[in-house]
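Colleague: Residues per chain, in single letters:
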Amino acid sequence: MSDDYLFDGTGEPDRDVERLEQMLGQMRGSRRPAPQIPVVSGFSRTVERKTYFGVRFLGPALAMAAAVMLMVGLTWKNVPTDNGSWEVATVIGTPRIDSSVLMGEGRIAIGQTLTTDAGSRAKMEVGDIGQVTVDELTRVRLVETRDGRHRLALERGTLHAAIAAPPGQFIVSTPSATATDLGCVYSLHVNDDGSGLLSVEAGWVAFEERGRESFVPAGASSRTDRVSGPGTPRYDDTEQAFRDALDDVDAGTDPARRAAALRLVLSRARGRDAMTLWHLIPRVGAADRGLVVDALAARVPMPPSITRGAVLRLDSAALDQWWDALGLDEANWWRKWKRPLM
Amino acid sequence: MEHVLEFGRVLPAGDPVTSTAGTAALGATIRAVAAGDQDAFSRLYADYSRLVHAILLGRIPRRDVDDLVQEVFLTAFTRIRELREPTAFGAWIATIARNRATDHMRQMREQVELPDDLAGGDPIETEAFAVLEIVRALPEAYRDTLLMRLVEGMSGNEIAERSGLTPASVRVNLHRGMKLLREKLGWHANE
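Residue numbers (this note's numbering), protein chains in the order written: chain A, 1 to 342; chain B, 343 to 533.
Please keep in mind that the hints were generated in silico from the structure rather than gathered at the bench.
Even glycine gets a Cβ: it sits at the ideal position worked out from N, Cα and C.
Treat each hint with caution, since some may be false.
Unchecked claim - Simulated restraints on C-beta separations:
1. B/Arg448 - A/Ala287: 36 to 44 Å
2. A/Glu144 - B/His530: 50 to 58 Å
3. A/Arg270 - B/Met447: 46 to 54 Å
4. A/Gly211 - B/Ala388: 30 to 38 Å
5. B/Ala479 - A/Gly119: 41 to 49 Å
6. B/Thr444 - A/Gly309: 56 to 64 Å
7. B/Gly369 - A/Leu314: 47 to 55 Å
8. A/Arg210 - B/Thr365: 45 to 53 Å
9. A/Gly285 - B/Thr365: 58 to 66 Å
10. B/Leu425 - A/Asp236: 21 to 29 Å
11. A/Asp294 - B/Ala388: 54 to 62 Å
12. A/Glu136 - B/Arg448: 33 to 41 Å
What the hints assert, rightly or not - Every beta carbon over 12 Å from chain B, so not counted as near; a handful from chain A, in silico:
13. Gly29
14. Gln240
15. Phe242
16. Arg243
17. Asp247
18. Pro301
19. Ala310
Produce the entire structure from the sequences given, and follow the hints as far as they go.
Modeller: This is the structure we're talking about:
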């Protein structure tokens, strides 16, 4: 008998196939409509940035993202990984896992190091929550992978992470700061001297070292170095002079130069750079803090529920409330991500 | 030569499974999805949800399949920028579905496992579940292809277009899978 009926339902009917069609056809899916894609993801650079970063839009979008992450978390928090290892695949060239050349696909176990040379790139599956692509000339070690927690150590080079999971599940340590994913897409580069650059494309990343934290939103970056830790986040579309000055404020050692840089930052900050100014409040000395507070207040008025004195004292509740007023996000959500989900 | 033709793993380079126009349209849809276009995402879902459903049904309890279909597509959305070749979308999302099914089953083993045909939970006849269990025991490529054809009602050409296999490979998988299934069911072959 011809297989035509089995192949596409044409030709002489096959009674067995018909019987199976009738029996198993009852198990077809419910034909639900497609799920709604998360609004905040913004995975393409082609989407107009103003849609994502406008104060009026970002707050609701991130609130939705938080809700999505919470729902995702309820489903995924207990999803185990495969035997404490990740799938790894060669993108190009000959990456190595420890001393072994990776031929096509393989696995990287906890404690092993993935190394790429000048002609190699590789890709890793982060359990079921995302992917990490490793660029050329990179060394990255798998430190930890278990339910709800995955950790890499990036010794040098560049990786690109795309993670869809509740906040805090994916962490990358570098010699000068630790990047904690808050549900996002980002790139992280580490130089040979341990300094680095975090660039966020979608969502948020927390960049932390020795109690100094930067919360970096989509479209923004943060430098880091061994001495000063994570730098003040700034949007990538700020002018170069602004970014250079901010680097001086973060890591400069000449007091006069640093003071001049701070004046430039405060004078040239745009409305959306309120995010940067807010981060600067605890980073400058007490003598300069009032200037930063005034500059921020000129762009986003201080909420009536807080006082200038409380902000100058770095009262965390006051800072949280002012953050809320920036319209970027609910501080209660992003500043408390370390708490375990339900 | 006896060999199993698996999705996305046997297609020779340059094999024209999808027309140039179809490839271009799929590429445009994928780019639109990456940009956050819900309509494009819905089109992709409409075109590939049966493939994903069949793969999941071959691996996990039926009551969980619909939910996981949605999860698989959301996962695909979050990673879609990693996809460099639009024609690989079918094989790519099939891999996501298989991995998700594996994780789901592992998670289930840690919890209380319910029988698939739990009384009162589903009106589908017990015989259908018994046949499904036998299909699930077939080699992966036969199992997935048969479920796409017999459960989802996809034609051989449609299975080929969605999965990245050639139509000839799909025909081989269906033929061999059906032969094995008949043997296991104790049905006499019609050939």
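Colleague: Confirm or reject each hint.
Modeller: Checked hints:
1. B/Arg448 - A/Ala287: 36 to 44 Å: Roughly 58 Å apart at Cβ, these two residues miss the hinted range, so it is violated.
2. A/Glu144 - B/His530: 50 to 58 Å: Check passed, 56 Å falls within 50 to 58 Å.
3. A/Arg270 - B/Met447: 46 to 54 Å: At 52 Å between Cβs, range holds.
4. A/Gly211 - B/Ala388: 30 to 38 Å: 50 Å Cβ-Cβ, so the 30 to 38 Å window is violated.
5. B/Ala479 - A/Gly119: 41 to 49 Å: 44 Å, holds
6. B/Thr444 - A/Gly309: 56 to 64 Å: Roughly 57 Å apart at Cβ, these two residues keep to the hinted range, so it holds.
7. B/Gly369 - A/Leu314: 47 to 55 Å: 51 Å, holds
8. A/Arg210 - B/Thr365: 45 to 53 Å: Between A/Arg210 and B/Thr365, where Cβ atoms are some 51 Å apart, the hint holds.
9. A/Gly285 - B/Thr365: 58 to 66 Å: 60 Å, holds
10. B/Leu425 - A/Asp236: 21 to 29 Å: At 25 Å between Cβs, range holds.
11. A/Asp294 - B/Ala388: 54 to 62 Å: 55 Å, holds
12. A/Glu136 - B/Arg448: 33 to 41 Å: Since the Cβ atoms of A/Glu136 and B/Arg448 sit about 35 Å apart, the hinted range of 33 to 41 Å holds.
13. Gly29: Its Cβ does come within 12 Å of chain B, the nearest being 4 Å, so this is violated.
14. Gln240: Its Cβ never comes within 12 Å of chain B, the nearest being 28 Å, so this holds.
15. Phe242: Correct as stated: the minimum Cβ-Cβ distance to chain B is 29 Å, above 12 Å.
16. Arg243: 26 Å, holds
17. Asp247: About 30 Å separates A/Asp247 from the closest Cβ of chain B, which puts it past 12 Å; holds.
18. Pro301: 32 Å, holds
19. Ala310: It holds; A/Ala310 is separated from chain B by about 39 Å at its closest Cβ, greater than 12 Å.
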